[in-house]
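Chemist: Chain by chain, the residues:
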Amino acid sequence: MTDMLTKGGADASVPSTGAGARSHGRAPASRRRSMRAPGFPWILPALVVSSGLVYFCIGYNGWVSLLDWNGISPIQTFVGLDNYVKAFTDPIFWGTLQHTVVYFVVTYVAQTVLGIVLAVLLHSRVRLAGVYKVIIFVPVILAPAIMAPVFRIMFAGDGPVNDFLAAIGLGFLTQPWLAQSSTALGVLMIMQIWNTTGISFILFYAAISQVEHDVIEAARLDGAGSIRIVWSIVVPSVRGTIVALAMLSAIGTLKLFDIPYLVTSGGPNFATEFLGTYIYRQAVPLGDVGYASALSIILLVLALGMAFVLSIRGNEERQAKKGALR
Amino acid sequence: MLEAHTRRGKVLLQLIVTLLAIPFLIPLVVMVQGSFAGQGWGNYAAVLSLPQLPGFFLNSAIISALTIALALLCTLLAAFGFAKLHIRGKEFFFWVLLAALTLPEIVLVTPLFVTATTTNIYNTYWAVVLPLAALQIPFTILITRTFMAGIPDALIEAARIDGANTWRAFWHVVLPLTRPIAAAVIVLTLISAWNAYLLPLIFLQDASAQVVTQVPSFFQGQYNDDQTKVLASAVITAIPIIVAYLCLQKLFERGLSAGALK
Numbered sequence: 001m002t003d004m005l006t007k008g009g010a011d012a013s014v015p016s017t018g019a020g021a022r023s024h025g026r027a028p029a030s031r032r033r034s035m036r037a038p039g040f041p042w043i044l045p046a047l048v049v050s051s052g053l054v055y056f057c058i059g060y061n062g063w064v065s066l067l068d069w070n071g072i073s074p075i076q077t078f079v080g081l082d083n084y085v086k087a088f089t090d091p092i093f094w095g096t097l098q099h100t101v102v103y104f105v106v107t108y109v110a111q112t113v114l115g116i117v118l119a120v121l122l123h124s125r126v127r128l129a130g131v132y133k134v135i136i137f138v139p140v141i142l143a144p145a146i147m148a149p150v151f152r153i154m155f156a157g158d159g160p161v162n163d164f165l166a167a168i169g170l171g172f173l174t175q176p177w178l179a180q181s182s183t184a185l186g187v188l189m190i191m192q193i194w195n196t197t198g199i200s201f202i203l204f205y206a207a208i209s210q211v212e213h214d215v216i217e218a219a220r221l222d223g224a225g226s227i228r229i230v231w232s233i234v235v236p237s238v239r240g241t242i243v244a245l246a247m248l249s250a251i252g253t254l255k256l257f258d259i260p261y262l263v264t265s266g267g268p269n270f271a272t273e274f275l276g277t278y279i280y281r282q283a284v285p286l287g288d289v290g291y292a293s294a295l296s297i298i299l300l301v302l303a304l305g306m307a308f309v310l311s312i313r314g315n316e317e318r319q320a321k322k323g324a325l326r
Numbered sequence: 001m002l003e004a005h006t007r008r009g010k011v012l013l014q015l016i017v018t019l020l021a022i023p024f025l026i027p028l029v030v031m032v033q034g035s036f037a038g039q040g041w042g043n044y045a046a047v048l049s050l051p052q053l054p055g056f057f058l059n060s061a062i063i064s065a066l067t068i069a070l071a072l073l074c075t076l077l078a079a080f081g082f083a084k085l086h087i088r089g090k091e092f093f094f095w096v097l098l099a100a101l102t103l104p105e106i107v108l109v110t111p112l113f114v115t116a117t118t119t120n121i122y123n124t125y126w127a128v129v130l131p132l133a134a135l136q137i138p139f140t141i142l143i144t145r146t147f148m149a150g151i152p153d154a155l156i157e158a159a160r161i162d163g164a165n166t167w168r169a170f171w172h173v174v175l176p177l178t179r180p181i182a183a184a185v186i187v188l189t190l191i192s193a194w195n196a197y198l199l200p201l202i203f204l205q206d207a208s209a210q211v212v213t214q215v216p217s218f219f220q221g222q223y224n225d226d227q228t229k230v231l232a233s234a235v236i237t238a239i240p241i242i243v244a245y246l247c248l249q250k251l252f253e254r255g256l257s258a259g260a261l262k
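Read top to bottom, the protein sequences are chains C and P. All letters in the first sequence, in the order written, are residues 1 to 326 by this note's numbering. All letters in the second sequence, in the order written, are residues 1 to 262 by this note's numbering.
Hint data in this document are derived by calculation from the structure and do not stem from the laboratory. In this text, a Cβ means the ideal position worked out from N, Cα and C, and glycines have one as well. Among the clues, some could well be false.
Computed list of lysine-lysine pairs in DSS-like fashion (alpha-carbon distance at most 30 Å, straight line) [unchecked claim]:
{"#": "1", "chain 1": "C", "residue 1": "Lys255", "chain 2": "C", "residue 2": "Lys133"}
{"#": "2", "chain 1": "C", "residue 1": "Lys133", "chain 2": "P", "residue 2": "Lys90"}
{"#": "3", "chain 1": "C", "residue 1": "Lys255", "chain 2": "C", "residue 2": "Lys86"}
{"#": "4", "chain 1": "P", "residue 1": "Lys10", "chain 2": "C", "residue 2": "Lys133"}
{"#": "5", "chain 1": "P", "residue 1": "Lys250", "chain 2": "C", "residue 2": "Lys255"}
{"#": "6", "chain 1": "P", "residue 1": "Lys250", "chain 2": "P", "residue 2": "Lys10"}
Computed Cβ-Cβ distance ranges for the label pairs, DEER-style [to be verified]:
{"#": "7", "chain 1": "P", "residue 1": "Ile62", "chain 2": "C", "residue 2": "Val215", "range": "24 to 34 Å"}
{"#": "8", "chain 1": "P", "residue 1": "Thr6", "chain 2": "C", "residue 2": "Gly157", "range": "41 to 51 Å"}
{"#": "9", "chain 1": "C", "residue 1": "Leu81", "chain 2": "P", "residue 2": "Val243", "range": "50 to 60 Å"}
{"#": "10", "chain 1": "C", "residue 1": "Gln98", "chain 2": "P", "residue 2": "Phe36", "range": "32 to 42 Å"}
{"#": "11", "chain 1": "P", "residue 1": "Gln39", "chain 2": "C", "residue 2": "Pro285", "range": "31 to 41 Å"}
{"#": "12", "chain 1": "P", "residue 1": "Gln52", "chain 2": "C", "residue 2": "Val309", "range": "37 to 47 Å"}
{"#": "13", "chain 1": "C", "residue 1": "Asp163", "chain 2": "P", "residue 2": "Gln222", "range": "18 to 28 Å"}
{"#": "14", "chain 1": "C", "residue 1": "Pro285", "chain 2": "P", "residue 2": "Ala164", "range": "49 to 59 Å"}
{"#": "15", "chain 1": "P", "residue 1": "Phe36", "chain 2": "C", "residue 2": "Phe270", "range": "51 to 61 Å"}
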């Protein structure tokens with residue numbers, strides 16, 4: 001984005017000199033008037049559409065979370081903090097947090113390692129690099145909703161994955177991947193890694209373009225091998241991107257809904273339940289709107305907490321952004 | 001970056017890249033292959049002959065267009081206000097907007113679901129467009145404000161001295177310079193609106209109002225266990241967005257990685 005920025009600046013720096021000269025005497029008055037031009041009406045539509053809706057929903061959640069209510073009935077019973085107490089004593093709720101942590105750690109590490117390795121490889125002299133880039137990035141633009149049936153079929157009991165395992169003599173590994181608690185979460189993580197590695201790849205690819213070639217050449221002359229160069233020069237110089245991606249995929253995992261809902265519906269036996277799918281389950285099919293609201297508020301606090309951590313790391317991250325988006 | 005000097009090294013490098021890239025292709029291959037199983041092209045014929053299918057695409061297109069229009073309008077106006085005009089408590093309002101950046105859309109579900117059941121706004125476009133735009137706007141304003149701040153004040157002033165009011169300065173001077181960032185905003189909003197699943201799931205329950213992301217579940221309902229048709233419908237739904245990406249590759253990659261860095 002920064003290159004657009006500077007380009008915009010460069011294009012913009014050609015004001016007609018005639019106007020500049022003519023305005024000499026009047027400029028101060030005009031500047032004062034320009035600063036006084038009322039700006040509030042300009043930001044009003046955005047405030048109404050975005051903040052209006054968002055804060056209404058947060059406030060509404062806050063109020064309903066204190067009720068025992070099914071969302072339709074005229075009877076609303078005020079129950080105070082009972083819904084929050086219920087959450088903290090609900091093993092499924094703790095389960096969702098556990099899944100979130102596991103999911104985040106595994107998908108983040110895998111996407112970071114894969115992203116860096118692919119970016120380094122495609123910065124090397126490889127034929128058809130453009131084709132590989134497209135292959136890696138295409139999953140990013142495909143909706144999980146479209147791809148979910150494909151992953152369900154791939155990992156079905158009689159699906160291609162089991163066929164493949166049987167064909168290469170690993171028949172003893174075949175199993176109903178999505179129907180058992182021990183493997184269902186793994187399938188979701190595979191889908192997530194497939195879906196979003198393209199983004200970390202593009203970010204690392206851009207960040208690595210910023211690494212000085214002189215430094216690498218110097219290291220090579222000093223006898224450093226390729227792996228040594230990647231580990232000691234490339235990885236440290238993309239550290240900002242690594243940190244930024246950690247925070248972003250943490251928030252992304254907290255927001256997770258489409259993949260678990262569409263592939264496993266949170267099952268089997270809540271083994272792939274996430275906060276998102278659990279809120280949906282409580283609010284829509286089960287109609288426990290009060291409890292769903294309490295869970296929403298907890299999710300909001302967790303997400304804001306992550307955002308806070310993110311803004312503390314602001315400096316480091318901003319550097320990553322600069323590198324990544326140039 | 002890595003340099004292979006020998007022929008063997010070069011082949012090895014190419015081999016590693018290929019091995020790492022293949023897994024990204026496998027689901028797509030499975031999808032296309034599966035869609036031809038059984039009746040072959042017949043699966044596609046069956047899916048395409050369904051009278052509801054054009055409706056799914058049309059609804060997605062309308063919802064995406066409305067979301068883009070609303071988000072772009074709010075974004076450009078607000079970004080100009082934040083970047084160039086005087087507003088009392090400007091930074092306060094900015095933070096009020098930005099606080100929604102990390103908001104998970106599921107948090108909107110309970111209030112919107114209850115509102116929908118009581119006011120009966122099911123199956124209307126705006127029930128999906130408004131929340132989609134609301135969640136998109138904070139981020140697009142953030143990047144557009146930064147961009148507009150880079151446009152020199154002198155330029156706007158010059159226009160004003162030539163007799164233009166704020167609106168004309170915005171329209172004739174600022175907007176033409178904002179095109180690159182507007183393109184990024186459009187691509188970002190397009191992807192998030194076209195790929196949205198949760199909000200349409202809640203609000204668009206009538207088959208005639210549904211969108212492309214609901215196509216696979218629709219076909220699952222229609223054909224029960226006929227997975228070949230489900231896969232054929234997935235391929236048909238994936239094609240437009242892949243074509244759009246291949247045409248505007250740079251824009252998509254830049255826009256989406258900017259979006260990821262919210």
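Chemist: State for each hint whether it applies.
Modeler: Right, here's what the structure says about each hint:
1. For the proposed pair Lys255/C and Lys133/C, the alpha carbon gap of about 27 Å is at most 30 Å, so the pair holds.
2. Restraint check: the Cα-Cα separation between Lys133/C and Lys90/P comes to about 42 Å, which exceeds 30 Å; the hinted pair is violated.
3. With a CA separation close to 22 Å, the supplied pair Lys255/C and Lys86/C stays within the 30 Å bound.
4. A distance of roughly 18 Å separates the Cα atoms of Lys10/P and Lys133/C; the hinted pair therefore holds under the 30 Å criterion.
5. Restraint check for Lys250/P and Lys255/C: satisfied, since their Cα atoms lie roughly 27 Å apart, inside the 30 Å limit.
6. Distance restraint check for Lys250/P and Lys10/P: the Cα-Cα separation of roughly 28 Å lies within the 30 Å cut-off, and the hinted pair is therefore satisfied.
7. Taking 24 to 34 Å as the suggested C-beta distance range, the pair Ile62/P and Val215/C does not conform, at roughly 52 Å.
8. Checked against the hint of 41 to 51 Å, the pair Thr6/P and Gly157/C passes, with Cβ atoms roughly 47 Å apart.
9. Against the hinted window of 50 to 60 Å, the Cβ-Cβ separation of Leu81/C and Val243/P comes to about 52 Å, which satisfies the hint.
10. Separation of Gln98/C from Phe36/P is about 41 Å and conforms to the stated range, judged on CB atoms against 32 to 42 Å.
11. A hinted range of 31 to 41 Å for the beta carbons of Gln39/P and Pro285/C is consistent with their spacing of about 35 Å.
12. For the hinted restraint 37 to 47 Å between Gln52/P and Val309/C, the CB-CB distance of approximately 46 Å keeps it satisfied.
13. Take Asp163/C and Gln222/P: their Cβ atoms lie about 27 Å apart, and the range 18 to 28 Å holds.
14. Evaluation of the 49 to 59 Å hint for Pro285/C and Ala164/P yields a pass: the beta carbon distance comes to about 57 Å.
15. A C-beta distance of roughly 37 Å is found between Phe36/P and Phe270/C, which places it outside the suggested range of 51 to 61 Å.
The structure fails to meet hints 2, 7 and 15 from the earlier list, while all remaining hints are met.
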